[in-house]
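Protein chains: 2
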Amino acid sequence: MYELHFAVPMAGAVFCTLNTRHDSNMVSILLKHSEAKIIFVDHQLLDIARGALDLLEKTGTKPPMVVLISESDGSSPTGSSSSSYEYESLLANGHSGFEIRQPESEWDPISVNYTSGTTSSPKGVVYSHRGAYLNTLATLFLHGIGTMPVYLWTVPMFHCNGWCLTWGMAAQGGTNVCLRKVTPKDIFDRIDQHKVTHMAGAPTVLSMIVNSEVRDRKILPHKVEIMTGGAPPPPQIFFKMEELGFGVSQLYGLTETYGPGTYCSWKPEWDSLPLDERLKMKARQGVQHLGLEDVDIKDPVTMESVPADGKTIGEIMFRGNTVMSGYLKDLKATEDAFSGGWFRSGDLAVKHSDGYIEVKDRAKDIVITGGENVCTLEVETVLYNHPAILEAAVVGRPDDFWGQTPCAFVKLKEGFDVDAQDIIKFCQDHLPHYMAPKTVVFEDLPRNSTGKVQKFILREKAKALPL
Amino acid sequence: MYELHFAVPMAGAVFCTLNTRHDSNMVSILLKHSEAKIIFVDHQLLDIARGALDLLEKTGTKPPMVVLISESDGSSPTGSSSSSYEYESLLANGHSGFEIRQPESEWDPISVNYTSGTTSSPKGVVYSHRGAYLNTLATLFLHGIGTMPVYLWTVPMFHCNGWCLTWGMAAQGGTNVCLRKVTPKDIFDRIDQHKVTHMAGAPTVLSMIVNSEVRDRKILPHKVEIMTGGAPPPPQIFFKMEELGFGVSQLYGLTETYGPGTYCSWKPEWDSLPLDERLKMKARQGVQHLGLEDVDIKDPVTMESVPADGKTIGEIMFRGNTVMSGYLKDLKATEDAFSGGWFRSGDLAVKHSDGYIEVKDRAKDIVITGGENVCTLEVETVLYNHPAILEAAVVGRPDDFWGQTPCAFVKLKEGFDVDAQDIIKFCQDHLPHYMAPKTVVFEDLPRNSTGKVQKFILREKAKALPL
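Chains as they are written, first to last, in UniProt numbering: chain A, 1 to 467; chain B, 1 to 467.
Some hints here could point you the wrong way.
Below, computed lysine to aspartate or glutamate pairings styled on EDC-like, alpha-carbon distance capped at 20 Å [said to hold, decoys possible]:
1) B:Lys195 - A:Asp271
2) A:Lys280 - A:Asp309
3) A:Lys195 - B:Glu269
4) A:Lys195 - B:Glu57
5) B:Lys37 - B:Glu3
6) A:Lys298 - B:Glu99
7) B:Lys461 - B:Asp444
8) B:Lys195 - A:Glu269
9) B:Lys411 - B:Glu443
10) A:Lys298 - A:Asp354
11) A:Lys218 - A:Glu243
12) B:Lys364 - B:Asp309
13) A:Lys413 - A:Glu460
14) A:Lys438 - A:Glu414
15) B:Lys364 - B:Asp419
Since the hints were derived computationally from the structure, they do not count as laboratory data.
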C-alpha cells in the first residue's frame, strides 16, 4: 500500500485505499462506486476480495483486474486465479524507463478516501494533487518531523492516506515501520528495535499503550512523539503517556480535510501551569496548520463567527486548499457540505480567547435533555476520571418526559467491580445533575477500524433498552 | 523592514526592499524603476534617501511619500520634512478593523527584489504570493527549523526577503534577533543572550566568525545551526565552524529562485568518512528542496542533461513554483533567462552519481587559458588551504599569448608575510600547472553588501595591471 501511494499517481491513475476490515459486501459496493480498474489484494485478504468479485459478477458488473500481493517468501495462496497477476512479478516485468505521467492540472484527483462510516453510508472523498502536497507539508510541520524520521505505522494508511504521511515520509527521507497487527507488545518492540521517532494513532491506540501489561513494555530509546486525533482523547491519557516516555500532541481533522487540519500547538509557558490547567490546554484541538486558509467556529444558520469566549458553541468550518474537492459522484452531499461557502465539519466546538478551538461534540452526538444541551464529551471526560473505568461513551436515550437522557456505556478495568449507582453518583459529584448519566450499561464499546466508537450502534442499543 | 513584510502585502501592495548600502543615485534609479508610491526610511539612512528624492525631483519624477522610522526613543532626526510621516505615529492612527486585502490571484506579485548586481545593472525580480509561500515552507524544511526558533538575522532582509525566512519566522512562531551591524562580537553576544537556534549568512559571515578574536567569542549555549549560501564557501571553513559549536549546511540559489533552491542534505553515513571526503561532501550544493519541481544540469546549447558523472560541466537550470515570475519591465531579460523552458542560472556545475550537484563556477567567471577551462573556485579552494591566506579570489587576466591567465587577489592573515612566488608555488604543488595563478595581488577583496566578492571589479583591476 505504501509503494502504491507513489506508483498509482505516477502512472496517471487515482488511488483508492480500502479499509482492511470491510467485508466482501462493502468491498464490492466500493469497487463498483469507485469504478476501480485494478484491485491490489494482500494475501491475507484474498477471501474477502474473492467474495467481493463474486458479488460484482452476480450483479453483472465487470470485476477489476486482480494483482495479488504474495507472502514475503514468494509463496502464493492456493487457488489463485489464472486471470490475476502477482505483484512482485509484475514489478519485475516493468519498464524501468517508464516516464512519470504528471497530472494535467494540480487540481486533478490523486486519491479517493471513503469515509469511515460513523455517520451514514460511506462517501468517496476526492483529494487533489495540490491538496495532498500541501497537507503533506503541513502535517510534517505540525508533527515536528525533521529529516530522516523513523515512523511507526499505527495509523492505517487507508485512513486519509495515512494522514498524508505516506508521502511525508518520502519527502523527509523517512523509514517506515509497519505492523500486521497493532498490539502494545508489537508497538514497544518495534520502537525499541528500530528507534522509532514518530508515530500517530486514534485515542484507542494511546489507551492500549497506557493500559498495557508491564511485561509487554520497554524503556523507550528516546522521547517518541505521538500525534493523536480522530476523536478527542480523555485528558488524563496525555500524562500517562508522558510518564511512559511519549510526547503526545493532539490534532483534529476529518477525512474531508485530508486528515490533520488543526493541532494543539504547545506553548512553552504552559509547562509551568498546574496539572489541571495543563490537562485543559492539552485537550484543546488548537489552531489551523500551515496548509489551511481558515478554520472558524460559526453559527451554522447565520454563518456568523462565534465570539472567542470559550463558551459559545458553533460548528467547526474549514476553507482552503486542504479541504476535499468533493464527494465522488455525489453532488448533493458535496453541495450540502459546502453550503455557505465553507466546509461544514458537523463537529461542535468553542473558540477560546487565544484563538484555540476546543471540540465539544459531534452535532449529532449532543444529548438534549429537558431542553438542556449535554456535551457527551464532557461527561466522558468525567467518566474517564473514575479509577475503575477503562473506556466510556455517552449517547442519548429516548425518554418520554425529558426527551432524552444521558446513557453511559462503560467498560471496566480488569479486577474492578463497581455498579451503575456508583458511577452515576461519581458523575453527579463532578457535573451538573442533568448532565450525569441516568443509565449505565457495562460492555465493550463497538469501534470501527480506525478506533472511533460507533455511537450509532450505541444509540440503537440505548433505544432498545427495556424501560 | 520585518513588519513591512506583512503590512505591505496585507494592504494589497507590492513590497520592494532596497539594499541599505546603495547610494542616493542607485536608490533614485530603483525608486523610479519600481514606481514606488511610499518609501519607508530608517533614520540612519535618511541622508541617502533625501539625496535620492532630490535626484528624482531634478529629473521631473514625482517622489514617493516618505515614512520615517525614528530612533526607538522616538526622537526624530532634525530637519525631517513636513510632508513626511513618522512610522510609529502612522501605526497609532491606523484602523484596527482594517480588512486584509487578499491577492486576487495567488500569482499576484508580493515583492520585488533587485539583484545584487554582480552581473550587470540591477534587475527587479518579481516574486508571487504562491512562490513566496512555497519557498518559505521549503526553506524552513531545509534549514530544519521547528516551532519557536530564535533566529539571528545575519542575512539581510533585503536579500531575497531574508531567504523567505521573514515570513518563515512568523509561520513557526519564531523570535527575530536583529543586528544594526554584523560583527563577530555582536554575533556571539546575541547568541549567548537570546539563545539563538538558527542563523544564516554568506561565506563571509562564516569567515568573520572563524577568524574572530578569541576575546570576542563565547561558548555557545547549544549547537547553533547556520545555513550558508550566496557563494560556495571554502570547504575548510565548515569544520572550523563546527569546532566552535556551529552546525553548518550549504544551500544554493539565486535571487531568481527566491533564495534557497538546493541544499546539501547530509546523510548520517557520511559522518564516518575520512575528513577529506567529508569536506568534499559538505562542499556540494546538493539536491532541490521540497518546493521546487526540478533542478538539472544541462548543456546550455542542446538543453540535454549532463551525465551524473561528477565531471561533465553544464549550466544549473531550475523549473517550478519557486522560480521568479520575471524581471520587472524587462521582457527581453525575462525571455533570455527562460529560453528553452527552464530558468538559466548562469552558474556552472557537475552532477554526481547520487544526484547531488556541485557548483564549479559562474559561467562568466571561468578563466580560459591556452584553450583550457580553469574553474576559479577550484583554485580558490587551494588558496584557502594556504596557512597565511585569509581571503582569496581568482579572475582572468588578459594575456596576448594565453588569451587569459589566472590572477589571484589575496588578503593575508594578520602577522603573516609571504610573497607571490610562495603562493604560486603552493598552487603548482596542488593543481595542474596551467590552473595555478601567474599573478598574485595582495589587497582587501571588494564585496557587495551580501558578502559576495565583486569579481567585475577585480577583472577591471587585473586588466589594468602593468605588464
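Results for each hint:
A C-alpha spacing of about 19 Å is found between B:Lys195 and A:Asp271, which places the hinted pair at or below 20 Å, so the restraint holds. For the proposed pair A:Lys280 and A:Asp309, the alpha carbon gap of about 15 Å is at most 20 Å, so the pair holds. For the proposed pair A:Lys195 and B:Glu269, the alpha carbon gap of about 16 Å is at most 20 Å, so the pair holds. A C-alpha spacing of about 67 Å is found between A:Lys195 and B:Glu57, which places the hinted pair above 20 Å, so the restraint is violated.
For the hint linking B:Lys37 to B:Glu3, the alpha-carbon distance of about 18 Å falls within 20 Å, and the restraint holds. Among the hinted pairs, A:Lys298 with B:Glu99 is consistent with the structure: their alpha-carbon atoms are about 19 Å apart, no more than 20 Å. For the hint linking B:Lys461 to B:Asp444, the alpha-carbon distance of about 13 Å falls within 20 Å, and the restraint holds. Note on B:Lys195 and A:Glu269: the hinted pairing holds, with a Cα-Cα distance of about 16 Å set against a maximum of 20 Å.
Taking the CA atoms of B:Lys411 and B:Glu443, the gap is about 5 Å. The hint holds against a cut of 20 Å. Of the supplied pair hints, the one linking A:Lys298 and A:Asp354 holds, its CA atoms being roughly 17 Å apart against a limit of 20 Å. Distance restraint check for A:Lys218 and A:Glu243: the Cα-Cα separation of roughly 13 Å lies within the 20 Å cut-off, and the hinted pair is therefore satisfied. Proximity of B:Lys364 to B:Asp309 is assessed by CA-CA distance (about 23 Å); at most 20 Å being required, the pair is judged violated.
For the proposed pair A:Lys413 and A:Glu460, the alpha carbon gap of about 25 Å is over 20 Å, so the pair is violated. For the proposed pair A:Lys438 and A:Glu414, the alpha carbon gap of about 24 Å is over 20 Å, so the pair is violated. Only pairs whose Cα atoms come within 20 Å are accepted, and B:Lys364 paired with B:Asp419 is rejected, the gap being roughly 29 Å.
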